[in-house]
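Engineer: The task is simple: from the sequences and hints, build the whole structure.
If you want the building blocks of each chain, they are given just below.
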Amino acid sequence: MIQIKVNGTEQSFGGEPEMPLLWYLRDVLGLTGSKFGCGVGLCGACTVHVNGQAKRSCVTAMRDAAGQEITTVEGIEMNGLHPVQKAWMQVNVPQCGYCQSGQIMQAIALLNAKKNPTGKEIDEAMTGNICRCGTYQRIRMAIRVAAEAMA
Amino acid sequence: MSTIENVSRRKFLTGGIIAAGALVLGVRYTPRLLAGATLPHNSNADRAKLNPSVYLGIDPDGTVWIMATRSEMGTTSRTTLPLVVADELDADWNRVKIEQAIGDKRYGDQFTDGSHSIRSFYDAMREAGATARFMLIQAAAKQWEVPPAECETALHFVVHPSTNRKSGYGELTKAAAKFPIPKPEELKLKPKSAWRYIGKGHTSYDLEALVTGKAIYGMDARLDGMVYASVEHPPVLGGKVKSFDDKETLKVAGVHQTIPIDPYQPPPAFQPLGGIAVIADNSWAAFQGRKKLNISWDNGPNESYNSDAYKNELRETSHNPCKVVRNVGDTDAAFAKGGKVYEADYYVPLLAHASMEPVVALADFKDGKATLWVPTQSPQTVQDIVSKELGIPKEDVICHVTLLGGGFGRKSKPDYCAEAAILSKKVGRPVKVVWTREDDIKFDYYNAVASMYMKATLGQNGKPTAWLQRSVFPPIPSLFDVNAVYGDPSHLQQGWTDIPYDLPNLRIENGPAKAHVRIGWLRSVANIYHGFAIQCFTDELAHAAGRDQVDYLLDLIGPPRTIDFSGVQYPNYNASLETYPWETGRLRNVTQMVAEKSGWGKRKHAKGSGVGIAAHRCFLTYVATVVEVEVNDQGEVRIPRVDTVVDAGLVVNPEATRAQFEGAVVFGTSVARTGEITATNGVINQSNFQDYPVARITDVPDQTNVTIVESDTPPAGIGEPGVPPFIAAFCNAIFAATGKRVRDLPITKLGFA
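Residue numbers (the numbering used here), protein chains in the order written: chain R, 1 to 151; chain P, 1 to 753.
Mixed in with the good hints, there may be bad ones.
[To be verified] Only pairs whose alpha carbons sit at most 27 Å apart, straight line, appear in this in silico DSS-like list of lysine-lysine:
{"no.": "1", "chain 1": "R", "residue 1": "K86", "chain 2": "P", "residue 2": "K200"}
{"no.": "2", "chain 1": "P", "residue 1": "K514", "chain 2": "P", "residue 2": "K240"}
{"no.": "3", "chain 1": "R", "residue 1": "K120", "chain 2": "P", "residue 2": "K604"}
{"no.": "4", "chain 1": "R", "residue 1": "K120", "chain 2": "P", "residue 2": "K607"}
{"no.": "5", "chain 1": "P", "residue 1": "K178", "chain 2": "P", "residue 2": "K97"}
{"no.": "6", "chain 1": "P", "residue 1": "K214", "chain 2": "R", "residue 2": "K86"}
{"no.": "7", "chain 1": "P", "residue 1": "K49", "chain 2": "P", "residue 2": "K178"}
{"no.": "8", "chain 1": "P", "residue 1": "K369", "chain 2": "P", "residue 2": "K388"}
{"no.": "9", "chain 1": "P", "residue 1": "K97", "chain 2": "R", "residue 2": "K86"}
{"no.": "10", "chain 1": "P", "residue 1": "K49", "chain 2": "P", "residue 2": "K242"}
{"no.": "11", "chain 1": "R", "residue 1": "K5", "chain 2": "P", "residue 2": "K214"}
{"no.": "12", "chain 1": "P", "residue 1": "K291", "chain 2": "P", "residue 2": "K369"}
It should be emphasised that the hints constitute simulated quantities derived from the structure, not laboratory data.
All values derive from a computational prediction rather than experimental measurement.
Structural biologist: See below:
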């Protein structure tokens, strides 16, 4: 039995230890905010935080998630929207929105590690997250807005 | 115009569509409301106290329900069309609730494709809002015993200014519902000066849900008792299962069973591809079970398909006379006069959609009826195919439309929805079919591979004295007719037969090509390859003539005029040429504007740096784009800046429009930089983002400047028109920066990265 903490709640999992965390979150727990985009860690749509670090949940096996603290997009709100979510709304980032949970989780991890990232640092941190609609220009802007709000 | 009856008196309607008609906006289908029939699903708008139209209803508490009858895949049409209703109703946007419509012909056309949602439904939305507003005014005027003409509305209230009385929309619903629905000619639409939302726009109704993970896409739909399915499709189009062994599959934990799906009967259209489905407790288990299948395939005739050989075939066809689809003057005679001949071959490979959400469908077959929750661009097409596949009436297919995690044309073909319905019927439980990214890329309806041959001679000032263009590509009609090999007018029109140049001798031809994969629509469709060839060849000729590219382009476009399409099969994107004439003056205007905005000819460009321009009209919208690139010694291309000027007529939602044109630059970047699907022995070689890369944040411009031309002409397309001119301008900029001409896409073929 694998024990993990998801958004502050203890959970036990008795299934296949090789099952990626993404499918546990989505199909077992019903937390569908983390998205399936590629299944091989190439697009970032499934990004969650494992002990505060951005990780691709589609290539994180349940056995490796055991004992860890997982935060998904459903778990980042603290007294209302997270400043990164607010910035995303202010700049009107999403088009279809499918990749945005992953983008937001990646951006939060970036801003937690670096208060005021440069343009180059933003691009480097976000380059693993694909947006097919092409909202990258606004993602850059929203991260700057969020950085200011979080300063 | 439609026959209307008051449905708020519980007289429900069935679908009846006025399909043809001399309506102002061409293909606008407005619903006809009929009495008598009950609906399979009443919407909140239907149930509301005041329900003067299928598109809206108002509750006594003042809640305004507006139906989103088009699919939302990121263009914001789910918000923008209801904004038009709310504006004519003079409603408070904060009291509007948007409800997504199921597939039902009573809503008219729901095929969310071809960048036509706003233009086709703008008038219908205004009429719906104005109808409700008219009835609310009637009700208030009667209560106050004053002439309706003395009453006005003010943001969710009817007011009588001279006596200073006012009444809320909600409290008037009961009285308003007793009035007959006004005839369209009785309605008085708001003047532009009174618009609250049209032209000002609004962010997405779903914005908060989109940033909190609460938005529900097809991938997120769930039902109690549901099982998951993953399908191993025939690797070659038209292939069949010879035999299969599922012993190892059934040993995988969580796998329930395997189910064969019949191969399609040609033509493929929207039928499932066939194969073996693995049914399991969760997506992961289904994927694992699939890996253990042992299947022997009969690949069929498409096994002979190889992209390299096919490219040569297309090119060879394009070097010989083909079918003439438009002719001006005598091109042969003009070529016979001699002079230097300029020739070029352009090529664009197959392209996959790769929406971030792979295709997915949830279906529940119960009591002879199929209910689906799917990310589809066309719920009525889902009804059609599921009805055919299951042998049940179309009315017994209930298609709920979820949000789409991207669509780009892929999700207008519901083969995956039919898979889910077939499997649910066989399993006896709700089934969610989940395609992997590999399935999504390998079993797409690809944008056609195309070869274009261009030829011209130049006269005075370098202006062409003769111009010949031939395109050869497997056409989309091959989906519906295996013998279809020529382009049809609706795709030949896309930046090809409508070349806007003022030339004395012009011949446009199209050659035959047989399809070996499913060919479909992808954002901008044939405009991608046609626009690339014409706008890059124009740049080549400008250089040959020693002319400035902007001056040369304007010279070729010629004086402002309306293009005469007599003798040409030119559907004009199913819009009338009276309402949406092809006006070269508008293309000139965006070209001149983008030159000015981008500082064309005024900025200095260092070595390895350069700018390119292209202008293109598609989906009735005129766009010109200037791209600046920097190319280093390793051939790595950066894009410091893009300027785009858009004339899309009246723009209802400028913010959403800017976003679409920013996104088009990124989409075009993917096509130009890395977009290529190829086949070997009929099997698609690409599978995921490692071999079908799409643009990442590091690939996109530092600056993307979008300028929208102010216009009162009827609204035109927004989602697609930005892509084609970007691609051509980008390639022209690479030539300016490096002296290397990009004639084959993607640019990686020339050693660029």
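Engineer: Now look at each hint and say whether the structure bears it out.
Structural biologist: A quick look at each hint next to the structure:
1. R/K86 to P/K200: At roughly 22 Å apart (the allowed maximum being 27 Å), P/K200 and R/K86 satisfy the hint.
2. P/K514 to P/K240: holds, 21 Å
3. R/K120 to P/K604: holds, 25 Å
4. R/K120 to P/K607: Holds: R/K120 and P/K607 sit about 23 Å apart, inside 27 Å.
5. P/K178 to P/K97: Holds. P/K178 to P/K97 sits at ~23 Å (cutoff 27 Å).
6. P/K214 to R/K86: holds, 15 Å
7. P/K49 to P/K178: holds, 10 Å
8. P/K369 to P/K388: Between P/K369 and P/K388 the Cα gap is close to 13 Å, so the pair holds against 27 Å.
9. P/K97 to R/K86: holds, 22 Å
10. P/K49 to P/K242: violated, 59 Å
11. R/K5 to P/K214: This hinted pair holds, its Cα atoms lying about 20 Å apart.
12. P/K291 to P/K369: Outside the cut-off at roughly 32 Å; violated.
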